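In order, the protein sequence lines correspond to chains A, B and C. Counting in my numbering, the first sequence runs from 518 upward without gaps. Counting in my numbering, the second sequence runs from 518 upward without gaps. Counting in my numbering, the third sequence runs from 518 upward without gaps.
Some clues are possibly wrong.
Copies of the same chain look alike in the list, so a pair counts if it works inside one copy or between any two.
Unchecked claim - Distance condition first, Cα-Cα at most 35 Å in a straight line; then the derived DSBU-like pairs of lysine-lysine:
| # | residue 1 | residue 2 |
| --- | --- | --- |
| 1 | Lys855 | Lys765 |
| 2 | Lys584 | Lys855 |
| 3 | Lys584 | Lys667 |
| 4 | Lys855 | Lys610 |
| 5 | Lys584 | Lys846 |
| 6 | Lys610 | Lys584 |
| 7 | Lys523 | Lys765 |
| 8 | Lys846 | Lys523 |
| 9 | Lys584 | Lys765 |
| 10 | Lys846 | Lys765 |
| 11 | Lys667 | Lys610 |
| 12 | Lys855 | Lys523 |
| 13 | Lys610 | Lys846 |
| 14 | Lys869 | Lys855 |
| 15 | Lys523 | Lys869 |
| 16 | Lys667 | Lys855 |
Hints listed in this document are in silico derivations from the structure and should not be mistaken for laboratory results. Small disclaimer: the values here were computed from a predicted structure and weren't measured.
Below are the chains, spelled out letter by letter.
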Amino acid sequence: MAHSIKDIAAALGAQAFGAVDILVDGASEPGTAGCSDLALAMTPAYGDALSQGNARVAVVWPGADWKALGLEAAIYAPRARLAMAGLTQMLDKPMSGSGVSEHAVIDPSAQIGEGVVIGAFAVIGADAVIGAGTWVADHVSIGVNVVIGKDCHLHAGVRIQRNVVLGTRVILQPNVVIGADGFSFVSVEPSNVELARETLGNVPMAAPDDPTWHRIHSLGSVEIGDDVEIGAGSTVDAGTIRATHVGKGTKIDNLVQVGHNVIVGEHCLLCAQAGVAGSTVIGDRVVVGGKAGIADNVTIGADVVLGGGSVVLSNVPAGRVMMGYPATKMNTHLESYKALRRLPRLLNSLAKR
Amino acid sequence: MAHSIKDIAAALGAQAFGAVDILVDGASEPGTAGCSDLALAMTPAYGDALSQGNARVAVVWPGADWKALGLEAAIYAPRARLAMAGLTQMLDKPMSGSGVSEHAVIDPSAQIGEGVVIGAFAVIGADAVIGAGTWVADHVSIGVNVVIGKDCHLHAGVRIQRNVVLGTRVILQPNVVIGADGFSFVSVEPSNVELARETLGNVPMAAPDDPTWHRIHSLGSVEIGDDVEIGAGSTVDAGTIRATHVGKGTKIDNLVQVGHNVIVGEHCLLCAQAGVAGSTVIGDRVVVGGKAGIADNVTIGADVVLGGGSVVLSNVPAGRVMMGYPATKMNTHLESYKALRRLPRLLNSLAKR
Amino acid sequence: MAHSIKDIAAALGAQAFGAVDILVDGASEPGTAGCSDLALAMTPAYGDALSQGNARVAVVWPGADWKALGLEAAIYAPRARLAMAGLTQMLDKPMSGSGVSEHAVIDPSAQIGEGVVIGAFAVIGADAVIGAGTWVADHVSIGVNVVIGKDCHLHAGVRIQRNVVLGTRVILQPNVVIGADGFSFVSVEPSNVELARETLGNVPMAAPDDPTWHRIHSLGSVEIGDDVEIGAGSTVDAGTIRATHVGKGTKIDNLVQVGHNVIVGEHCLLCAQAGVAGSTVIGDRVVVGGKAGIADNVTIGADVVLGGGSVVLSNVPAGRVMMGYPATKMNTHLESYKALRRLPRLLNSLAKR
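Given only the sequences and the hints, what does the whole structure look like? Please build it.
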């Protein structure tokens, strides 16, 4: 579907100049833009590339001399990435499919809302409830007693286990698993894990008399708030006797693990391959960098930012910026790191004294 | 299904007091317990919360004054988490479904044991054998010549590739992949990986004459022992000419990678996002913390405990507790870490001399 | 299918000795070889084990006295792992299945090439194109407008989202996800992530007025080059306005994340659980070790080798061997690490002065 430059600018709350009735049906990098594309050249660094493509119209940085850049029309974007959000939403295509596939298996007791789309080979369990306008792709499994809100998007291969509750407008990318059993096992006598924590590794571990791991079943399921998005292949485990919880507006990237009983606050970001171990509590608006890990049973205050690859082993007060393994305040970490880089020379000079 | 306090206590081998014929049908945290829930207040910290909920009965810490806590009956739990294992097992609901779905595709040569449940859209390959009492969820793929023991639980979206052998009572959470091809490639001339290991990075890498990676096929499949559980999205690759092996009683969390040819011992724990590279051997009762990684071709002795996020690059003797990157003995790691934190001040004071 | 020792040697370009007409139909480790197996004893370390098995024929190290090892015939392998590539390819069995399953759902507008195999419950979207000789396993989802080259192998549970383009001979292991939406969100005002990067953590983070994350849609899809292989459960996200790209001949292991807009060069290796954040560019022939992470928007030069578990936070020049968190040159890292191990003793001795 094509949009005029005028309409796009209005939707973005931005200013437009020139031949604002030109229609575009896609967005492009400046150098590869075709004549019906809106080129995105939101910083001066992209100025030169505009001449290499066939762009007639572009989103440019505030104050750019768009005529000198060879354009017929331009939109000024004061905050480039925010403009991207509006633009890409306008230019995106709706989900394909309509109605309920004849190849889906839906339990007669399930309640399917108005306008719901269900793809081929989806399975909807007994007593499940699916809110109006929700789109369920092919190969999705929805367990017994699951409740899904309105206007959700569940992509192919998503697995939702029994009793899970999703809010409205939740997006689950392909192969997400919500509500698998938590990883919770216990030995008859205190285990080596307990012993190692107690002794801080000062005592060698030996074989216990009974090495059997007894399974703690997960009766607690998962609750996902409104406007949550979860990336491909990520997993959120069921709680033990209460629900694992992900707060509204939180966004989770690909291959992230959220353990049983975890509480994730609202409007958090959990970047790719992050992991949160069991029973940990994460405050609102926390950012967990890619590959960062948080130990079990700790509390992360609101507005904390954890750098990519950091490993948090203890509680973190609100508002901290953390890095390292184990994670410390970012400035402490950087100071230690710089000192470490100077250490080999120090040792050499001391050896010479 | 409801259970009496008396019966629950007997099953746990624990003492019960008060009106032990009261029936409960669920477990709950103390503060949110309803009147048919068994509240779990296994440490004194939970005592206050009991009064906020509607619990009539609870599992409490040994010696608790249960009458003063407002309860009508109580169970004493000397080891709280162990009691949880028994309790949650009693209160869990059985898997849904029965019989073989008409929407499954089962090769006529497959042997399906007595009482096997097979869900919608499951695919069972030629010559596969499925033991009695095993439960196969919807969307499970079972390859040719796979052997699955009795009383296994295979959740939705599990992929089992050709020739894999599972023991009895194996539990595979959703989207687990067993027996994918190993990551094993070789170049005609020694590769930069081999060169970097040899030169310890002292020689810059250059482009090889022939950068092609030749594929080593995985002919060896996977063997999984009895009572193994594997978490959502985890992967165990096929061996090259013999099976990759996971020993009986071992529990593997979500998003864990076990490479080709690896041998994992019995009664191990591999926590979320751990990774074990190809051909490594892990002894019995080893605990691998979350996000920990183990390099290829190393040997980890029995009863080793690897801290979360640690990276093991060489052999580890039995009984060691290890941390860090590269992983060292935990006490060595802590000593180095503390020294590092004191280093910036040392450098400052030396600069002033 | 059985092969003679003579034919195997010819295929490997290797020398054969003895009764070279003996037929074998499998490969085995020396100690467990049956009489129709080709034992693999490519280094002297395996010599003793040969006598424990029933091997009549083996691949041995150059110059081995194969008669003294009790063999009737032998092949000399000058580069053991390269021989493994040829051998395992010869001895591998072809994919099972033929033709198009009656249980697949294929849009009438899709173009299916000659000799394509499509398994049960596969879904092929509108306008998809599947090249001749490609094998699509059961439970694969192929989105609208996807183009798949010739002779690809797509294993069970693979998800390919709209508009993705795959080259020829691409292998996708089970549950791979290609073309899920990128993780790209923006707040109205500069976020704490932006603030933390600017202030290097010296300013505590506070709650923003508007914590909402606005979604940047992914319009750009993914292009995968010829001869790429991607491991089980790995994810490659769609680009924003141009395609995310994986160059020809690159091999990606299990549970790897490749973010939106990333460009991965040709003939790279990305080992298990590696992660590449959005918009990063990786040169040709780069090796990314297991669990290594690369931050967003950085450039990795050609022929770089990143050690397992390292975390790259900034650009890396071509040919570097890198380790650590943050990653530095391997020799710098090793020097710092050795110095750190000597530091506790230094602090003690300074305290005594």
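| Looking back at the numbered hints, which does the structure fail to meet, lowest number first? | Per hint list: 1, 2, 3, 4, 5, 8, 9, 12, 13, 15 and 16 violated.
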